[in-house]
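Engineer: Use the sequences and the hints to build the structure in full.
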Amino acid sequence: MIVAEHLCKSYDLGHRRVRVLHDLSLRVSTGDFVAITGRSGAGKSTLLQLLGCLDTPSSGEYRLAGSPVSRLSESELAEVRNKRIGFIFQTSHFIDYLDLVDNVALHGFYAGDYDEPACRRRARELLTDVGLAHRLTHKPAELSGGERQRAAVARALFGKPDLILADEPTGNLDGKNSAVFASLMRDLNRDGITILMVTHDTKMAGIAARQLDLRDGQLKAAA
Amino acid sequence: MNHPAWRYLVSAARMWRHHRLQALLSVLGIVAGVSGLVTVMAVGEGAQRELERAISLLGAGTMVVKSIVDDERDSRIMMERVEAVRRILGTELRSLVPISTYQRNLLAGERYVDGAKVIGTDRDYENAYQLRLHRGRFITWFDIKRTERVCVLGWALARDLFPQGQPVGQQVRIGRHWYTVVGWLQPKVQADIEISDFELPEVDRAAYVPITTIAADRSQIPLDELVLNFATEADMIKASGAVQRILEFDADGAAFEYTMPIELLRQKLRMQRIIQYLLGGITVVMLLVGGIGIMNVMLVNVIRRRPEIGLRRAVGATPRDILTQFVIESTLVAVAGGVAGVLVGTLAAFGVAALLDWPVAVGAGTLGLGLAVSAVVGICFGSYPAMQAASVTPIKTLNQA
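Residue numbers (our numbering), protein chains in the order written: chain A, 1 to 223; chain B, 1001 to 1401.
Source of the hints: derived by calculation from the structure; they are not laboratory data.
Wrong hints could be hidden among the right ones.
What follows is a set of in silico ranges between Cβ atoms, one per label pair, in the way DEER data are often shown [to be verified]: (1) B:R1304 with A:C8: 31 to 39 Å; (2) B:W1006 with A:S144: 29 to 37 Å; (3) B:T1393 with A:S25: 20 to 28 Å; (4) B:L1028 with A:E61: 35 to 43 Å.
Just so you know, even glycine gets a beta-carbon here, dropped at the ideal spot from N, CA and C.
Structural biologist: Okay, structure coming up:
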């Protein structure tokens, strides 16, 4: 699913050039569940940005499901994000002026063949699957933290992705909601979806089949 | 509707509905600017229409010469000179209307009208003032030639004298003589045109008689007014010097008052236009302020909605999609302001008409321009914030709390 070889990413900060990732290589097979841990500022978000096709590497090669992502144009990258990847973030951002169904159906808005009734139908089904059937017409501000993160899972699944990228998904959840979220992730992985999760939470990292540690711009097997 | 533009429009409408106060604050400037624009345009269009109406009513080549009779002077245009003007100018003149006005008491049966306006004139008067007959005929060449005691009555005057019946064929005593009524004019809607000291005659309350009949001394008929009508305004201006020389030549220092109503109207409109340009300048400034208002709100929006932008990018939006979304949002709110501005401006234009007594006209072009200008302001001033939005880096914004 993911083949990343010798990835480098550096940023220009005025006179200084900051190297975030250095000669990073990673292989993730279809159906894998990988957790990446690392200190703050280790470059976890940058790695997720590259793997999620939101940015391109300074050098190196990245192939997602066989496509050479590092050489795709802006609109091709957007299409990959829309069709192949689902994101779950630490802060489950929603659009405040849309109800939950429209928020979950947002993928459809940017899909080439947008069919609003069909998109809304699918969003309702996904929200029902994550136990939010009673919240369909609610605005995001009316949901609890746990409900928002479950809605974020529904949204990530909307485009029927091959890969889910989760960035500190339980960072804002209490123990009970973290456990619910962990079991949701396990179920998705069992259904064949590849999951790559960045987390601080060792308990959460523990549910992954493989754990990696991001240190000095490179990935190493976690101790 | 599945067109992308429609989808963005619906999305923008939802966003502004949710953030009503922001929408209101961002459009105030546009409302002021567009309403100013509509008012200014309405004043301009009203002035133009007034000019056109005056031209159709008087003819562009109409010149009025008046006798001056006051405590110091007694300059009267004499009928014999009028004939000289007719002979010399010949075919350049379309019509030449001598007018001699009197105040007379009128009597018909039991009915009596005190101090009515009696106009001694000839047959050209009918065309010069575009009179329409309800019954009968106007003064003819024969009436002038044979000094017939006939008269034509204005609509209201005839109604006063003959409340029940038909005036044509009846006898009316004008001053000390009896006249036969030969014509009855249609009521004339008085054109609401003010041209400096030039007044259109009160057609409805006047009686018209052959000028040769009413004058006491037929060899020396003094006129109050002479209306000359040329084919074009240019002909009139060209001939005006000659007219003056013929009328005043060897006339014991007589001097008359020459008026070109269309020229006077043009002068008045030129004054209005200067004020219009000043207001137009203020309007442009207001539109700029309105545009800056929208830009300000949209820039704040971009900062506030960075997570939304990141989210949209993550689910498949390109920077171009984000740019389009923000431009449509700013354009929608600006056009909404434009609609409000058009309404306010229309009301303001009629307010101007009522307060300053200026002619105004709100045409479809004015309304269309108001909306188009607001859309252009929305697009122009929304573009920079939209470019800022399109350049937002997604992941960083998504990790913001």
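Engineer: Looking back at the numbered hints, which does the structure fail to meet, lowest number first?
Structural biologist: 4
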